[in-house]
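Given the structure of chain E, go ahead and fit chain H onto it with the hints provided.
As you go down the protein sequences, you meet chains E and H in turn.
Plus 14 on top of the position in the first sequence (first one is 1) and you've got our numbering.
Plus 14 on top of the position in the second sequence (first one is 1) and you've got our numbering.
One or more of the hints may lead you astray.
Identical chains blur together in the list; that is why a pair holds if it fits in one copy or across any two.
Stated by the list, open to error - Heads up, simulated EDC-like pairs for lysine to aspartate or glutamate below, C-alpha to C-alpha not over 20 Å straight-line: (1) Lys398 x Glu114; (2) Lys725 x Asp635; (3) Lys398 x Asp116; (4) Lys757 x Asp705; (5) Lys725 x Glu114; (6) Lys398 x Asp611; (7) Lys398 x Asp298; (8) Lys757 x Glu550; (9) Lys619 x Glu758; (10) Lys725 x Glu807; (11) Lys757 x Glu707.
Hints were generated in silico from the structure; no laboratory data involved.
Residues per chain, in single letters:
There are 2 protein chains.
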Amino acid sequence: MQSGTDSIATIPTGAVTSQSGDGHVEPATGEVLDPAMRASLHRWWRAANYLSVGQIYLLDNPLLREPLAVEHIKPRLLGHWGTTPGLNLLYGHLNRIIGERDQDVLFICGPGHGGPAMVACTWLEGTYTDIYPSIGRDGAGMAALFRQFSFPGGIPSHAAPETPGSIHEGGELGYALSHAYGAALDNPELVVACVIGDGEAETGPLATSWHANKFLDPVGDGAVLPILHLNGWKIANPTLLARIPESELRSLLEGYGYEPIIVAETDPEAVHEPLAAALDAAFDRIAAIWDDARNGAATIRTRPRWPMLVLRTPKGWTGPSVVDDHVVEGTWRSHQVPLSGVRDNPDHLAQLETWLRSYDPDDLFDDDGRPTPETLALAPTGTKRMGATPYANGGLLTVELDRPPVSDHAIAIDAPGAVDAEATRVLGEYLRELVVRNADARNFRVVGPDETESNRLGALYDVTGKQWQAEVEEHDEHLVAQGRVIEMLSEHTCQGLLEGYLLTGRHGLFSCYEAFIHLVDSMVNQHAKWMKVSSELDWRRSVPSLNYLITSHVWRQDHNGFSHQDPGFLDHLVNKTAAVVRVYLPPDANCLLSVMDHCLTSYDKINAVVAGKQMHPVWLDMSDAEAHCERGVGIWDWASNDDGDPDVVLACAGDVPTLEALAAVDLLRTHLPDLRVRVVNVVDLMRLQPDTEHPNGLSDRDFDTVFTRDKPVVFAFHGYPWLIHRLAYRRTNHANLHVRGYKERGTTTTPFDMVMMNDLDRFHLVMDVIDRVPSLGSRAALVRQHMGDRRAEARAWTRAHGEDQPEVRHWRWPGSGSEGGERDES
Amino acid sequence: MQSGTDSIATIPTGAVTSQSGDGHVEPATGEVLDPAMRASLHRWWRAANYLSVGQIYLLDNPLLREPLAVEHIKPRLLGHWGTTPGLNLLYGHLNRIIGERDQDVLFICGPGHGGPAMVACTWLEGTYTDIYPSIGRDGAGMAALFRQFSFPGGIPSHAAPETPGSIHEGGELGYALSHAYGAALDNPELVVACVIGDGEAETGPLATSWHANKFLDPVGDGAVLPILHLNGWKIANPTLLARIPESELRSLLEGYGYEPIIVAETDPEAVHEPLAAALDAAFDRIAAIWDDARNGAATIRTRPRWPMLVLRTPKGWTGPSVVDDHVVEGTWRSHQVPLSGVRDNPDHLAQLETWLRSYDPDDLFDDDGRPTPETLALAPTGTKRMGATPYANGGLLTVELDRPPVSDHAIAIDAPGAVDAEATRVLGEYLRELVVRNADARNFRVVGPDETESNRLGALYDVTGKQWQAEVEEHDEHLVAQGRVIEMLSEHTCQGLLEGYLLTGRHGLFSCYEAFIHLVDSMVNQHAKWMKVSSELDWRRSVPSLNYLITSHVWRQDHNGFSHQDPGFLDHLVNKTAAVVRVYLPPDANCLLSVMDHCLTSYDKINAVVAGKQMHPVWLDMSDAEAHCERGVGIWDWASNDDGDPDVVLACAGDVPTLEALAAVDLLRTHLPDLRVRVVNVVDLMRLQPDTEHPNGLSDRDFDTVFTRDKPVVFAFHGYPWLIHRLAYRRTNHANLHVRGYKERGTTTTPFDMVMMNDLDRFHLVMDVIDRVPSLGSRAALVRQHMGDRRAEARAWTRAHGEDQPEVRHWRWPGSGSEGGERDES
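So here's chain E without its partners, still in its complex pose (with noise of 0.2 Å):
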């Protein structure tokens, strides 16, 4: 375990820099590099440049071989200049120095719609037409390469799935950072440098990723370095982080953590030289930190301060300066498209022509539209080029998990329901074993936000810590400078984490609170959307699935009352690709053993898996349990006495829904004995859904078959009784379907007032039944009018006590063979 000792330092070490006398940290003035590498950078910038505003404007005639006509003009000007000029000076510079130090270089680029410059500097390096042969390195693929950006059938304003070196998309902003270190975890050599437009800093959850350094382990995990590109304004208005006093912008960094080096430039020519020094001082401090935790003799280890630059340069630079009367160049109007009328205003025609020409392009590119050699000389080869590092295609880097056989950890029982377990506690043995296995892989982590004790996963501790470079005081647990789970609260920067590493293609679980979970929807999105269209793409490797273990769900927070009471990411993740998503509400410890590890060898997905961690009973054994799992529904004929042909169907998923429509079969059993009850347990609820809508969802004729095709069906459920509705209204018994659920009346209460007060308790489902049972006649009116006495009684006794009944505490599974026993539900 480290020392928490610590000492801040005020100035940047790399050699450039120097601290000045108001306290800004300003790049030497000496000179870092030669004529000829001043001249290769601007000539890559120009080039860059010109591609970038060619697939804004062009829809031919893109080397300027004729007069700019109007026909040459695409009909829609789509895209964003603004961001561009400066994305594309940071690509050149990190060629130079990937090129100088042989460095393994992951472009993050957090800017939204920076999508041209990074086409434009992959297609540069050569990696575009290696992936895309249509789009060849020549005037015609410079042709095509134009017209397809932001055209119907193309690619997108964003750097995209579609976009060579890409693991980020800059359509909803505030990940960058979060990205960057997930990759950046336990790939030793790798650097990442994640640009930060001053948009994204505004957002919460980038605002929080800065902290991240405080997990990154120097001697296990790669570098990051952040960018914060200060170009001044967003769409119409200017940014936070622009318009503070630098001295505070400094403190701001400081504060974070960092090092910043700043570089602030106007003119084009001059930019070279402070840039190039400040990257080189970022780089030697990021191999100073790495030599000292790696090398170095001390054994007590100190968080490094790591390096960050700040580059402030005119929004729109290089572009047209100003238009209409309306200066554009380093203002808001150049966030998008400077000039927006080339097709029908003869001026902007001209403008736009010049200012393409001003790039030179008959110098950067030879006859045949080639880039020459001398615009090339910068651009690194194979992997190198930051467009082809497999780190970016994480899947050719994907090493399958070693997983220890659940039977190893499976619950034994003699009959359904004589043991209990607590199902997150079996699970965390299981990870534990995991970890063991993959220990010098190194490619799995568990993130949350401050919950995997809390949840029960507590047996990772036994072999891993929580990584951890803040200071460690004396009553700290688990924290180590490596270690396989993170823990911070903020689920964003769980989330972020994670992805990072997921599509760097490593493995992970994250764990958390079921109602918390929304705080990620936006971010679930954008996933899904990604992990879509880049399973569309031949050349992107499938990358591990996105595993969740939904925890302290719903229906285990009556404690801590309403407003941790929300089940509705599931309806939530359903509206997402079908290819993609994936819901399972196992409804026992050894169900939920063999679900995570289904989840664990699989690729490609978002798995939601809803499990308690309170003690409840086992119902299957482990070999049932992997039988029902995979077929993820299924009639369990334990449990009932339909003998083929049910009077009702009750169904249920989740494992207090499961409980509950078992202890109601039990109730029926013995008030209503000739009642033929058929049990129905779905784990896998895409099995809902027709088998035209989802891969998992089952035919019609074998929903039927479970289901019925007219028999009343009540459904116990986990979440929002309206999304079974959702997935399954085409279904031909689905007039008959009855479904309850959380329904939003929560209040401070017990475990089973909770499901009393949804009307999903015992009592309540042998009521349903009996209301969809018409033929039963005088007695099941009796035993419904009982049934709603036990509740009155169930909800008077918590009332008085604070407690449940011990008969609603204590009901065991008939023949289970057990004693009843008190259950834990703190």
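What follows is chain H alone, placed relative to chain E:
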């Protein structure tokens, strides 16, 4: 417009702070408190702590008038002690400030599970009993107070709606500071004291909300005093901000723009002096900032550096120091219930009694259990009590909006579709007038993430501006020190500011891109839950609704691509309590005016209004629009030819689907003139639900009248098609309902190509109708084939030209009398 000049103050100017040698600002050691006041503060703290422990543990024997026994202890020990003593301490000290300065203070309790403290303090000051007379301020009342906490039928463990003086629930963390800033806006006499837990401080929404100080106007707005409470641990982990060097923390907070005053203490007796000194300094500084801004001679205003407190004290302070040989006080072990085995473990029981008696209840409460006059010496009276401040029951302060007649802004039309208009631009003109009419009341705000102009509400800037206190440069537009619009690229902060503003009784609108409003899904959950519970509490007055203008919607994100396409916020919203949520899909500009005018007069709701910003036909004149929106769903006779007996119902909801549905009707009239088509438009989506499920729902009879009991219904819907099924699955005619909507098929495309990709286009709707009216025969088969050809042509056109076919773009409703003209599709 203010100047951007600003200066960095590195130390607070309060008299009681000083700069120590190592860069720390520390409270002075001089005496601020006279002995009586110090005693009163300590007595308040002891009393509040006693009452907090009592809530967590005691069922009976509240005053310990007999030895503590097992039967006095709750069976389930719930609640959270760790954060509680710090909150009680601060509440008492703020009472001193209020009394000495006659200052209105709103207390925001950010830390999760801080409920016991808020309940204890408001009971002490008498507001609890004022509101809940059954909980008297005496021994019997204390017993009831203790019993109800986290008890079935009782109150939750957070500062919930049930808690006097609260506008903020600590369930989901992250929003304390944005709520505080929202409450302070336009309340120039108010100081909002906002306690931020160091757990919460790790969340993204909290991390960026510090920057809200760049918007707060020291003239027109009140002040926020952030109090970062570093107690060092979360559930099982240390907190990041407690484990960085203090100089780094100070740098961070100064970088956020504050003057931090740090109070660190571990001795309960010694904390009062430095804390009082720090609070005096902070309130002095606030008063000085106000005075300077409001009464100063300076014409150029500079952004003030507001004070803030850092309170570093032990977690679970004054609780059991060591339990079972584990150190508990000052560690994560005090997070919840420090003594967990009280009913089974006599040592724990004894330790609990010792703990309770350490506060000396006999000295705090009289024989009847009433707090003694000495205990209450600090408590303010009347509405100065923080539990009784009207700011926390905002409906008490609400002034209705003075609204312009919608007819003043209506688009006049001679026939349906005769005129095009940009719906949001028309709304912008209405909002401009609304701002003018309510300028003196200062009770309306528009928030958004940099999109007010992009969403074409720019008319607002004729009469107001964007409030902004950071630096201003030459090319900025509409930035003002006081303005009705606040824009920050953080949907979380926008939402938090607006919630704080609404819950303190004012009105507002959040304008946002549809895809990215998912960022605040979880915040909407919490607000919906707050509103549901509030509406069930008689004493909580109604507050204005939370209104979303959801624009730049899914069907116009063809150019921004897949990442910008997500209509699922509506699905998310409709899972919330029916009494609270409303979803409106106005089909044109006049309907948008009518709907938004209605929303701005509504209370206690969450209204989501989806409307595009592009040029779009106006179908209804203003009086028809008002009648249609009032009904919420209606048959459009002018577009129908069914004479009360349709062959098919063509339903639509949303502006783009309505356009496509009407274009389909035009095609049907041309090609199948004998087919009787009924056109139904849905504005109020909740009309589709049964009236038993939602207050706006149609009765089954009315639904059947509109949609028929047995005719095919083809429904063109704005969002995911399953949402319509989820709302209408119980309806008689559900089996005949066929819905087209968005299905995650996006790529880069044109507007019409995008509707084609999702089979929502006019041609496909015609095909859908033909497929569902089998009696149409062979002519229909030819029409169907023709529609397929038209689609293929339309798609090919986009691929060739990069824009939609002119005949598609220029389509007009027959008889609209207008020329076909180009519509804006950017």
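Is the C-alpha distance from Lys725 to Asp635 at most 20 Å within one copy, between copies, in both cases, or in neither? neither (30 Å within a copy, 51 Å between copies)
Since the copies are identical, ignore which copy is meant and state whether Lys619 and Glu758 lie within 20 Å (CA to CA) inside a copy, between copies, both or neither. between (30 Å within a copy, 16 Å between copies)
For Lys757 vs Glu550, is the C-alpha pair at or below 20 Å within one copy, between two copies, both, or neither? Cα proximity of Lys757 and Glu550: across copies only (16 Å, versus 38 Å in one copy).
Identical-chain pair category, Lys398 with Asp298, by Cα at 20 Å: For Lys398 and Asp298, the Cα distance is within 20 Å only inside one copy (19 Å; across copies 59 Å).
What label fits Lys725 with Glu114 when the C-alpha limit is 20 Å: within, between, both, or neither? neither (74 Å within a copy, 73 Å between copies)
State whether the alpha carbon distance between Lys398 and Asp116 is at most 20 Å within one copy, between copies, both, or neither. Within one copy, since 8 Å is at most 20 Å while 67 Å is not.
Is the C-alpha distance from Lys725 to Glu807 at most 20 Å within one copy, between copies, in both cases, or in neither? neither (31 Å within a copy, 48 Å between copies)
Checking Lys398 and Asp611: alpha-carbon separation at most 20 Å within a copy, between copies, both or neither? neither (35 Å within a copy, 59 Å between copies)
Within, between, both or neither: how does the pair Lys398, Glu114 come out at a Cα-Cα threshold of 20 Å? within (12 Å within a copy, 68 Å between copies)
At 20 Å max between alpha carbons, let me know whether Lys757 reaches Glu707 within a copy, between copies, both or neither. between (27 Å within a copy, 11 Å between copies)
Within a copy, between copies, both or neither: which one fits Lys757 and Asp705 at a CA-CA cutoff of 20 Å? Only across copies: Lys757 and Asp705 sit 16 Å apart there, 28 Å inside one copy, limit 20 Å.
Checked against the numbered hints above, the structure violates hints 2, 5, 6, 10; every other hint is satisfied.
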